[in-house]
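**Student:** In case you want the letters, here they are:
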Amino acid sequence: MSKNNNHPNETIYKPGSQVIVDMLLEQGVEVMFGYLGGVVLPLFDKLYDAPIKFVIPRHEQGGCHMADAYARATGKTGVVIATSGPGATNLTTGLATAMMDSVPLVAITGQVRTSLIGNDAFQEADTTGITRPITKHNVIVKDPNTLAQTIREAFHIAGNGRPGPVLIDIPVDMQLAECPIPPKTEIELPGFKVKSRGHGRQIAAAVAAINDSKKPVLYVGGGCIISGASEALRAVAQKANIPVTTTLMATGAYDQSRPESLDMLGMHGSAYANYAVQYADVLISVGARFDDRVTGKLDTFAPSAKIIHIDLDPANIGKNVHVDIPVVGDAREVLEEMIDGLEHRPRKEWFEQIAAWKSKHPFMYDKKTDVIKPQYVIEEVCRQTHGDAIITTGVGQHQMWAAQFYKYSKPRQFITSGGLGTMGFGLPSAIGAQVAFPDRTVIDIDGDSSFNMTLTELSTAAMYNLPVKVAILNNGFMGMVRQWQELFYHGRYSQSSLKNPNFADVAEALGCVGITVKKKKDVPGAVEKMLAETRPCVVDFHVDPTENVWPMVPAGKSLHEMDGLDIFEMA
Amino acid sequence: MKHILSALVLNRPGVLAHVAGMFAARAFNIDSLAVGRTDDPTLSRMTIVILGDDKVVEQVRKQLMKIVEVVKVQDFVGQDVVARDLMLLSVACTPEKRPEILALIEMFNGKVVDIGAKFVMVEVAGPESKVEAFIESCRPYGIKSIVRTGTVAMARQPRTKSEE
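Just so you know, the sequences run in chain order S and R.
FYI, the numbering for the first sequence is 1 to 571, going by the numbering used here.
FYI, the numbering for the second sequence is 572 to 735, going by the numbering used here.
Simulated from the structure, these hints should not be mistaken for laboratory data.
Just to be clear, a hint being listed does not mean it is correct.
Claimed, not checked - What follows is a list of derived Cβ distance ranges for each label pair:
hint: 1; chain 1: S; residue 1: 126; chain 2: R; residue 2: 718; range: 24 to 32 Å
hint: 2; chain 1: S; residue 1: 45; chain 2: R; residue 2: 614; range: 51 to 59 Å
hint: 3; chain 1: S; residue 1: 123; chain 2: R; residue 2: 610; range: 36 to 44 Å
hint: 4; chain 1: S; residue 1: 118; chain 2: R; residue 2: 674; range: 45 to 53 Å
To be verified - Taking lysine-lysine pairs in the BS3-like style, the calculated list, with each CA pair at most 27 Å apart, reads:
hint: 5; chain 1: S; residue 1: 193; chain 2: R; residue 2: 633
hint: 6; chain 1: S; residue 1: 195; chain 2: R; residue 2: 626
hint: 7; chain 1: R; residue 1: 633; chain 2: S; residue 2: 319
hint: 8; chain 1: S; residue 1: 499; chain 2: S; residue 2: 519
hint: 9; chain 1: S; residue 1: 215; chain 2: S; residue 2: 297
hint: 10; chain 1: S; residue 1: 557; chain 2: S; residue 2: 360
hint: 11; chain 1: S; residue 1: 319; chain 2: R; residue 2: 626
hint: 12; chain 1: R; residue 1: 633; chain 2: S; residue 2: 306
hint: 13; chain 1: R; residue 1: 643; chain 2: S; residue 2: 193
hint: 14; chain 1: R; residue 1: 633; chain 2: S; residue 2: 195
hint: 15; chain 1: S; residue 1: 557; chain 2: R; residue 2: 626
hint: 16; chain 1: S; residue 1: 319; chain 2: R; residue 2: 573
hint: 17; chain 1: S; residue 1: 557; chain 2: S; residue 2: 358
hint: 18; chain 1: S; residue 1: 195; chain 2: R; residue 2: 643
hint: 19; chain 1: R; residue 1: 643; chain 2: S; residue 2: 319
hint: 20; chain 1: S; residue 1: 521; chain 2: S; residue 2: 407
hint: 21; chain 1: S; residue 1: 358; chain 2: S; residue 2: 368
hint: 22; chain 1: S; residue 1: 306; chain 2: R; residue 2: 626
To be verified - Computed footprint of chain R on chain S; a stretch qualifies when at least three of its residues, placed anywhere within it, have a C-beta under 8 Å from a C-beta of chain R:
hint: 23; segment: 123–137
hint: 24; segment: 178–191
hint: 25; segment: 304–316
Glycine included, each C-beta is placed from N, C-alpha and C at the ideal position.
Based on the sequences and whatever the hints tell you, model everything.
**Tutor:** This is the structure in structure tokens:
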């Protein structure tokens, strides 16, 4: 066999580092995130000439979140690179975040040369061992003959079925060895088969149950965004006349301006969504996994509903609740197959009941006060961006308010760490989304504590002239923790308050624009300035430190047992 | 309830760690786990005995299927299976006690594989209950050491009409 012959049906040989780059290009990778180190130098040498945009974060965790958000914003597979040892261990939070939220990601880590593995070599860590539970799949390449195909398989596994992160650990000697590139063929993995089409009889049973229902609710999860099911969802909801509630992960999967939208459900969901679920006679779950933050007390969740569960991952079905009609399949494909059989039902009483709940218990806050309410800042951001920005968040109170008070209409518009709840996700994910969409407005609605965790990435935004906006809802606390301490720990605020730096000064020092807002009347002007800014811009809003997220289903309570509804009525 | 799962997995490094790690991470109880190559050198067979109700075992089966290196998983519950444990047991045995102990071994279809002035090492294979019973029978003499494989199992082929 001749070497370096480009005939497509013949195996060609190249150094492993070049094979990696070739495989990335073959997969259509345009952007990568990552950080250098000793054992990835051969790879970075080849990347020097590659037509791939590269973004260097200030910390590997940031790079992993950037690649994750790039994937969430575009639907493509994100790619992150790190060196061995500490580089790889720094990826772990990012990998776990992507794993919990089913984000397609390929992580490439360098490893010490194969002859040193297991010898406690410099910057050696058992990367595949450490990341096994937080990746969909991982593999270490110890044979040059398998390198190319391993990379192809990694992309195949990451992006197909229920997506997730796949890590490839590549020892430095594999990057230097001559490695074959076999011709590209259909990938056949005996242990990885995806059935995306739902079972016809199950779909028919689901359709019949929906047609017979008087009080149905569509409970929609992140799977609808992943599978691109928004159109099909709209068609189903409108044809069959069914109200729709979305989980945090599905924010934007259904246009919130539609009358049948019930907004978010769950612990901090809307009263009307939670009531609707509790009174439903048929609950149609699409691409959601009955997370404890959604269901509250399981025994009394949707107590009178027949449950239809549509999910691509069979392991999600029956894991937390008893399911009456399981449908294993892709959310979009199953919904599309259901449309024809569904019949329109007026459901007048049901919609009247929902309208009554909506008018009695909307998301509310005190609009008359002189202090800056965090919800007001978000409403102002929403108003000035016409609900069209990409919003990212950290984790905590600000995240819940960003879900409650910004009104989303499109999928992939809201990027948040739902499953793992990773504080510090907001800024790097805004950078990742901005890299994907340089011309769109990307705003990290953040909390001061979350922002503190990864604010070093402001340097990255400045270096690449990425005009990300950061709106810090600064209450000087780990707000959600403070709220729980207030409600459940007798107001003993153990270690939950912070002495923050002057964030505007920090922003300026790191090459960004910094603005501080302490007065309510300055909010609209500051938002306007932030949106007009072409450089990365941080606006530090000093908001009411005592504000809580309402309504709230206390942990272990049923969905309808919400606290904070009376506070709404007083306001 | 006890379930025997039989998993066909790729014969690759790290697969056992992946499977065992998943069990630990999801708080599933493994009673025993036996691994060995199959006739196809690229595949291994894992026989996993777990304790749990049907819902738990169903979740175990689904979680196993999600592991990329796991090709196939069967739950033998309700099936006619042959399940066997293999054990090596060393029991204290003076020459005077030999006839008695050898008779016991005979009774359990065991095999003497090593013998000394003060002990005898026995190989016993069979259903778990038989292996357990042999242990109990040896206890009065003084058990020195036990090594067990854990259960391996195979479903019996459904019989055709003519065989019946």
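**Student:** Determine for every hint whether it applies to the structure shown.
**Tutor:** Hints versus structure:
{"no.": "1", "hint": "S:126 <-> R:718: 24 to 32 Å", "result": "holds, 29 Å"}
{"no.": "2", "hint": "S:45 <-> R:614: 51 to 59 Å", "result": "violated, 39 Å"}
{"no.": "3", "hint": "S:123 <-> R:610: 36 to 44 Å", "result": "holds, 42 Å"}
{"no.": "4", "hint": "S:118 <-> R:674: 45 to 53 Å", "result": "holds, 50 Å"}
{"no.": "5", "hint": "S:193 <-> R:633", "result": "holds, 13 Å"}
{"no.": "6", "hint": "S:195 <-> R:626", "result": "holds, 22 Å"}
{"no.": "7", "hint": "R:633 <-> S:319", "result": "holds, 10 Å"}
{"no.": "8", "hint": "S:499 <-> S:519", "result": "holds, 20 Å"}
{"no.": "9", "hint": "S:215 <-> S:297", "result": "holds, 21 Å"}
{"no.": "10", "hint": "S:557 <-> S:360", "result": "holds, 22 Å"}
{"no.": "11", "hint": "S:319 <-> R:626", "result": "holds, 8 Å"}
{"no.": "12", "hint": "R:633 <-> S:306", "result": "holds, 23 Å"}
{"no.": "13", "hint": "R:643 <-> S:193", "result": "holds, 11 Å"}
{"no.": "14", "hint": "R:633 <-> S:195", "result": "holds, 14 Å"}
{"no.": "15", "hint": "S:557 <-> R:626", "result": "holds, 24 Å"}
{"no.": "16", "hint": "S:319 <-> R:573", "result": "holds, 20 Å"}
{"no.": "17", "hint": "S:557 <-> S:358", "result": "holds, 22 Å"}
{"no.": "18", "hint": "S:195 <-> R:643", "result": "holds, 15 Å"}
{"no.": "19", "hint": "R:643 <-> S:319", "result": "holds, 20 Å"}
{"no.": "20", "hint": "S:521 <-> S:407", "result": "holds, 22 Å"}
{"no.": "21", "hint": "S:358 <-> S:368", "result": "holds, 22 Å"}
{"no.": "22", "hint": "S:306 <-> R:626", "result": "holds, 19 Å"}
{"no.": "23", "hint": "123–137", "result": "holds (count 6)"}
{"no.": "24", "hint": "178–191", "result": "holds (count 3)"}
{"no.": "25", "hint": "304–316", "result": "holds (count 3)"}
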